[in-house]
Each structure stands twice: as C-alpha cells, then as structure tokens.
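Work out the full structure, taking the sequences as your base and the hints as a guide.
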Amino acid sequence: MDSNSLKRTRTRYRRERRFKFYCATALVLAGIFLVIFFADIISKGYPAFWQAKIKVEVSYTQDVKDLPFLAVGKDVSNLISRAWFRKLPRKLNEHPQLIGSTHTEWVLADGAVDQYLKEKPNGLNKEQKNLVDNLRSQDRTKLAFNTYFFTQGDSKLPESSGIFSAAVGTVYVMIVTMAFSLPTGVLTAIYLEEFAKDNWLTRAIEVNINNLAAIPSILYGLLGLAIFINYVGIPRSSALAGGLTLGLMSLPVIIISSRAALRAVPDSIREAAFGVGASRWQVVSHHVLPMSIPGILTGSIIALAQAMGETAPLLLVGMMAFIPEAPSGFTDAATVMPAQIYTWSAAALRPYAERTAAAILVLLAVLILLNLTAVLLRKRYERKW
Amino acid sequence: MTLEYILLLFFAGLIPLAYAAFFLGRRKAETDLERGYRLNSPPSFYGWYVIVWMFLPAIAVSAVFAVLHMAGILSVPIPVVLVGFLALFAAGGGLALRHVRASLRARKIVEDVIRWLLFIATCISIFTTVGIVLSVVFEAVKFFNMVSLWEFLTGTTWSPGSAFLEGAGRGGEQASKAEFGSVPIFAGTFMITFIAMCVALPVGLFSAIFMAEYAGRNLRGVAKPALEVLAGIPTVVYGFFAAITVSPLVVRIAKSIGLEAAYTNALSPGIVMGIMIIPFISSLSDDVISSIPQSLREGSYALGTTRSETVKQVVLPAAFPGIVSAFLLAVSRALGETMIVVMAAGLRPNLTWNPLEGMTTVTVRIVDALTGDLAFDSAETLSAFALGLTLLVVTLMLNIVSSIIIRRFKQQYEM
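Protein sequences appear in the order of chains U and A. Using our numbering, read the first sequence as starting at 4 and increasing by one per residue. Using our numbering, read the second sequence as starting at 646 and increasing by one per residue.
These aren't lab readings, by the way, just hints derived from the structure by calculation. Don't take every hint at face value.
[Said to hold, decoys possible] Computed cross-link-like contacts, PhoX-like style, restricted to lysine-lysine with a CA-CA straight-line distance of at most 25 Å:
{"no.": "1", "chain 1": "U", "residue 1": "Lys200", "chain 2": "A", "residue 2": "Lys1055"}
{"no.": "2", "chain 1": "A", "residue 1": "Lys957", "chain 2": "A", "residue 2": "Lys869"}
{"no.": "3", "chain 1": "U", "residue 1": "Lys159", "chain 2": "U", "residue 2": "Lys132"}
{"no.": "4", "chain 1": "A", "residue 1": "Lys869", "chain 2": "U", "residue 2": "Lys382"}
{"no.": "5", "chain 1": "U", "residue 1": "Lys90", "chain 2": "U", "residue 2": "Lys68"}
{"no.": "6", "chain 1": "A", "residue 1": "Lys869", "chain 2": "A", "residue 2": "Lys1055"}
{"no.": "7", "chain 1": "U", "residue 1": "Lys23", "chain 2": "U", "residue 2": "Lys77"}
{"no.": "8", "chain 1": "A", "residue 1": "Lys957", "chain 2": "U", "residue 2": "Lys10"}
{"no.": "9", "chain 1": "A", "residue 1": "Lys900", "chain 2": "U", "residue 2": "Lys123"}
{"no.": "10", "chain 1": "U", "residue 1": "Lys121", "chain 2": "U", "residue 2": "Lys132"}
{"no.": "11", "chain 1": "U", "residue 1": "Lys145", "chain 2": "U", "residue 2": "Lys94"}
{"no.": "12", "chain 1": "U", "residue 1": "Lys129", "chain 2": "U", "residue 2": "Lys58"}
{"no.": "13", "chain 1": "U", "residue 1": "Lys159", "chain 2": "U", "residue 2": "Lys77"}
{"no.": "14", "chain 1": "U", "residue 1": "Lys23", "chain 2": "A", "residue 2": "Lys753"}
{"no.": "15", "chain 1": "U", "residue 1": "Lys159", "chain 2": "U", "residue 2": "Lys123"}
{"no.": "16", "chain 1": "A", "residue 1": "Lys957", "chain 2": "A", "residue 2": "Lys1055"}
{"no.": "17", "chain 1": "U", "residue 1": "Lys77", "chain 2": "U", "residue 2": "Lys94"}
{"no.": "18", "chain 1": "U", "residue 1": "Lys23", "chain 2": "U", "residue 2": "Lys10"}
{"no.": "19", "chain 1": "A", "residue 1": "Lys957", "chain 2": "U", "residue 2": "Lys23"}
{"no.": "20", "chain 1": "U", "residue 1": "Lys58", "chain 2": "U", "residue 2": "Lys90"}
{"no.": "21", "chain 1": "A", "residue 1": "Lys753", "chain 2": "U", "residue 2": "Lys200"}
Here is the structure:
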C-alpha cells in the first residue's frame, strides 16, 4: 500500500468517526434536554407541595363572625391567609361551642410569607420580614405538607388554590371522551377490518381517517365551538362540550390502533370459525374481538393519555374558566388539569408559578402511569402467532 | 338536573324490559325446538331479534322528532315524546315476539342490523371531517364578506382595532379602520416553524441514523422509549417550559452578547417546539431507514465503504422520499401547534426577520380571538375561522403530499 492510499484510508476513517460522533451527539442532546426538562420542572414544582403555616393564638369571640380579623393578634393578622379568615364565620356557625374559647393553632400563612420562607422573591416589607424572622426563631412557622393543593379548587389567593376541581373536571371530561370514542372507534375498526368491501367508499373513509389523525387539534376546538356550542347548544365550558370535542379528536387514534389489533389476529382463526358455520358477526364477537382486546385496550389508554394532556381545543370551548368548586355534573362549568396549568402560568402572582409546576408534576405522573400501564399490557398479552 | 334524572331513570327502566323480552323471544324459539322444528338460527338470535325491533322504531322516530325540534319546525313536549317512545317500544317488541318462529331467519336479520350499526359508527369519522370543514368554511365565508380574500392574503397590517369596539357594541366611536392583512401572522408562523425544524431535523435525523445503523439492541431499547417520553409530554407543559425557563435564558444570553431580545421572542417557542418534534422525526425516519433492504447495505460494504459512507451514499438517498414525508408531517405538526406559542410567543403581529423580536402565529390569533368576550359575529372573532381555514388547507395539503410520497416509497421497497 502506498502512502497516498494509506492517507486516504485514514481520512476516511476519521470521517467515519466524526459522523458517528455527530449521530451520537444528536441522541445525547435529546437525552440532555429530557434531563434538564425534568430537573427544571421538579425543582420548580417540588416546593409547592409544602406550604407555610404559622402558630397563633386564636380567640373565638362573638365579633369574629362579622370581623374575622379580630380572631388573632393585630401584629400577625396580615401574615395570615385571607382564605383562612374567610372560613372562620362558617366554622363558628357550625361549632357554636367554640365561641369564647382560645386555642393555639397552626394556621395557613399568606402567600407572600410562604414565598419568603422558601427564600423566593416576595411582597413582604421590611417590618413584616422581621416579624416572620421573629416567629421563625420561636419555631412558630413551619412548612407543612400542602393538603390544600389536593383538596381545594382554584382560588384568587395562591396559598389556598389547588388542583381538586381541575382533577374532577378532567375525570368528567375523560368519561365523556371515552364513552363516546371507545365504542365508536372500535365499531368503526370492526367495520373497516372485518365487514367492509374493498371499494371506493371504504378507501375514501380510510384516507379520511388518516387525514383526521393529522389535523391540528385546535381545529377540533373550532368544530366544538361552532357545532356543539353554537349549533347544538351544549353549555359552554361544560365537561360534555369538552369531552365530545376531545372524543372526536381521539377517534382516529383509537380506530387506527384497534384496526392494527384486529389485523394482528391471523386469518386461520376466522377461517376455522367460518368452517364450523359461524356467521361473520359470530366470528368477530366470539373469536377475533376477544383476542384483540389487549391491543385495543393499549391503544385506548394511549389515546386517553393524549386527550388528557390536550389543551388547545378545550380553550376554545371555554374550559379555561375560573372554577373554584368541583363540577357536579356533565353540564356544569368545569376546567381540566392542562387548562388549569395554562391559567396559573398566565397568573401575575409569583406563587402561582410553583403551583403551575406542581400541577405539571401531578399531570405528568398520571400520564406516565397510564403509558406504563399500556406498555405493560402490551408486554403481558403480546401474542406471537 | 331533574330532567337528566328522569331521562336516566326512563332509560334505565328500559333495560330490564329489554332483558325480559330477550328471554321471551329465546324461550319461544326453544319451545319450537322442543316441539321438533328445525331452528334457522341459534336460539339467542331470536331474543336479539325482539330487542332490535323494540329499539329501532322507537329510536328512529325519536331521532326524527329531535331533528325537527332542532330545525325549529316542530316542538313536542318531552313527556309526549317519552310516552310515544314507550308505546313504540312495546308495540315493536310485541309484534316481533309474535313473529318469532322456527323458520324466521333471525341471525341474518340481526346481522344486517349490526352491519348497519357498524357502518353508522364509521360514518361519524366522515361527519367529523365534514363538521370541521363546514364549521370553518361557514364562518370564514362570513368573514370574507366583510374583508376581501385578497386583502386578507396580501395585506401587511393586522389591526382588528375598531372591530374590537364593534364587537363590544360601540362601533361608532372609533377612529382607525380595522385591517386584516395576515401576512405578518403567516410570517411569524413560518419563522417559528423554521426555527423548530432547524432544531428538530438535524437532531431527529441523526438520532434516527444512530439508532438504526450504529446502536446495539440494548442502547436502542433505552433510547427509543426515552425519545417517546418527549412525545408524550403535553404541549401545555412545553409551553410553560418555554415561557418560564427558555425565554428568560434567551433574553439573558442575547443581552450578554449585546443584543436586545423581547421576552416573547420567536426563538424560544421555536426551540422548544423543535424539541417537541424531535421524536416525531426520529421515529418516522427510523422506520424508513430500517425498511431499506439490508442487501443494499451489504452490497455497499462489499465495495469496501465505511458505515458512514454507506449511510451517506446508499441508505440516505434510498430513504430520502420517506424522510421528506416525515419532514412534511413534522412541518404540519409545527404549524398547527398551539399551546407552546400561545404561552411563549407574542400576541402582536410583527413582520420582521429578527427571531429575537416578539411575533405571533396563526394559532395564537385563533385562541386570542375566540377566548375573549367578543360577540360571536364580530369581524375579529370571524377572522379566527378564516385563519383556521388557511391552517386546515395548508396542513391537509402537507399531509396528502406526504402520504403520496410515502406510498410511492413503500411500493418501491416493501416487496
């Protein structure tokens, strides 16, 4: 080998290594992003699971019913959440025996105090900061587990706002979505796979379904607004309107995955059933469908997870309303987790930012759980024919 | 609430009735069987036959009344409808029960009904498409009655200013004329899409090449699901990340090199959208690259090429159509993406080449116009549907072109 070709070989090998390096870098970049993303959201959201409380003397007098601020000492009253004061009159009405007594209680601190204790920017003035420092040195402040976050609806006061009504709203919306799209999707898949003849109509339907899967989700919102709300008259912001909109959106996903599951059942099964005199529906309902249920279920769970994270179409049907109380029916105004995340992220008050991140963590945990279930289902029931 | 409750009770009450009818129908067929007749179908189909005749006429007639009611032609009070429903329900069931005899082709009839049910379910997907197209086109036509199509497509100022006042019922008191020139909006959309593709295409494509050509089974088993996690993150979460983390970072970096950047700059939603699209491109390209026949690679290796030379000169050219189709699909995804831009991009239409300035997109304008308190037929609200129509047409075209390319590609390689 002469020195020239040796040199050329070296250059080629160097190029090879460089190319492989580029490819690996791309993958590593995606991985790094994933790590940064999760680290960022977790570090932002974790503090919201802890909420500042202050230990104060609460004296329940008759006047507290009208002027709740009188229940605590004047010095600390502006460090305590107004949400707590608001609940006092009702508490006294429910437990009249409290009147006249004094208790030492841990009460919910104002959002600004919470942020100060977490060493974040806050709106406290110097005097208040000193007061909080003072309380802290006496062990009269603590960061306790934030039960409000899970048991309360949205609120104009960050310290008493939570995801409860959004979570209930999500459940309602998902019930409507699945009640609509699961049967419709599976029936469509059965028709296309098992019954339809291969003619222009069937092909048109197939093309149509594939196109539907690629239509931007916001256009489904326009459909929901124009048809469900303005034409049919379903109440705006209701779980019914949102659920149907999302149902139409997840229909193609369910159809496509159900068809794949039905197609995976080998023809020998069908032929054996036909051979003993079964009709087409008997073949499908007795043999093909039961065998493809794990596949259909996997696809539906993935569709459910997708619908659960969807926001854009729901904004258009009005599901970003301020909902402090959990909805109690399908036609009540409701909001969903992603919409709550969106409203909080746009809120001007700083403490909402950490609640947004915490809500994101809850949502991501649910979605990851759903996807894991789907993966496990597929692994468990995967069948090689 | 009470009406819902009554309806619920009513339909819940039908279930035991239908159940009883099913047993009666089956019983009658079975007695025929015991008498020595030869049944045409398995006995339970006779039960289903009765159920079909109970529900079909009743539901069909109620549906007609519902349509008449919605069209405003005829309105029947709900109790009358319910009584009528019940009467038809009972009559259908009774007649069908009398019809049950051994020679009845119950299975055939029930199967035909099932086939129709399946077909109706299938039609819902067509209705969805028709619904989307109609709802967008109708309102868009109203908009184009107010603003000419030419002005909409070529105008360079978007200032719904006075339309807002008209929407609020104060049309007379404004000064400036509303202008709906959508060029700056399209420009913003394409700018952000372009930035997203600049991030997603190289990273996605190179990742796909690495996974298909270099990675071993184990690495592939970890990397593929990890990328799919990216695809499973809700867009509202990406939006939050773009607005709270990436945007301030971009502003800081720009400042440190002496540039002025707005917090609503186009760069940060673009980058984050690109990250969102990475798994989309990588998994589609991975499929395409893996479907290139191994014989092509082996032929190339036999000539003494290195892996990268094979990839660059044999595999990629062969996979090119598939990659183009993946790219087009990804572009359509990026154009229609909403939450990231709503949360991180600007609201103000801005015609500029500088990605550090605030820009707006089609989807942002749609959301902004339809979540406000404007009257539904104000020009600004309707403009959302016109923008939606453009978005629909563009994404549909991209999808169709992409699916044609991929079909040709598959015909070539999947023998």
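Against the structure, the hints:
1. Lys200/U <-> Lys1055/A: holds, 23 Å
2. Lys957/A <-> Lys869/A: holds, 22 Å
3. Lys159/U <-> Lys132/U: holds, 23 Å
4. Lys869/A <-> Lys382/U: holds, 16 Å
5. Lys90/U <-> Lys68/U: Holds: lysine 90/U and lysine 68/U sit about 10 Å apart, inside 25 Å.
6. Lys869/A <-> Lys1055/A: Between lysine 869/A and lysine 1055/A the Cα gap is close to 23 Å, so the pair holds against 25 Å.
7. Lys23/U <-> Lys77/U: violated, 69 Å
8. Lys957/A <-> Lys10/U: Given pair lysine 957/A, lysine 10/U holds - Cα atoms ~21 Å apart, limit 25 Å.
9. Lys900/A <-> Lys123/U: holds, 24 Å
10. Lys121/U <-> Lys132/U: holds, 13 Å
11. Lys145/U <-> Lys94/U: holds, 23 Å
12. Lys129/U <-> Lys58/U: holds, 21 Å
13. Lys159/U <-> Lys77/U: holds, 24 Å
14. Lys23/U <-> Lys753/A: Roughly 63 Å separates the two Cα atoms, so the pair is violated.
15. Lys159/U <-> Lys123/U: holds, 20 Å
16. Lys957/A <-> Lys1055/A: The hint holds at about 20 Å.
17. Lys77/U <-> Lys94/U: holds, 21 Å
18. Lys23/U <-> Lys10/U: holds, 20 Å
19. Lys957/A <-> Lys23/U: holds, 12 Å
20. Lys58/U <-> Lys90/U: holds, 17 Å
21. Lys753/A <-> Lys200/U: OK: lysine 753/A and lysine 200/U at ~18 Å, within 25 Å.
In summary, the numbered hints that this structure violates are 7 and 14.
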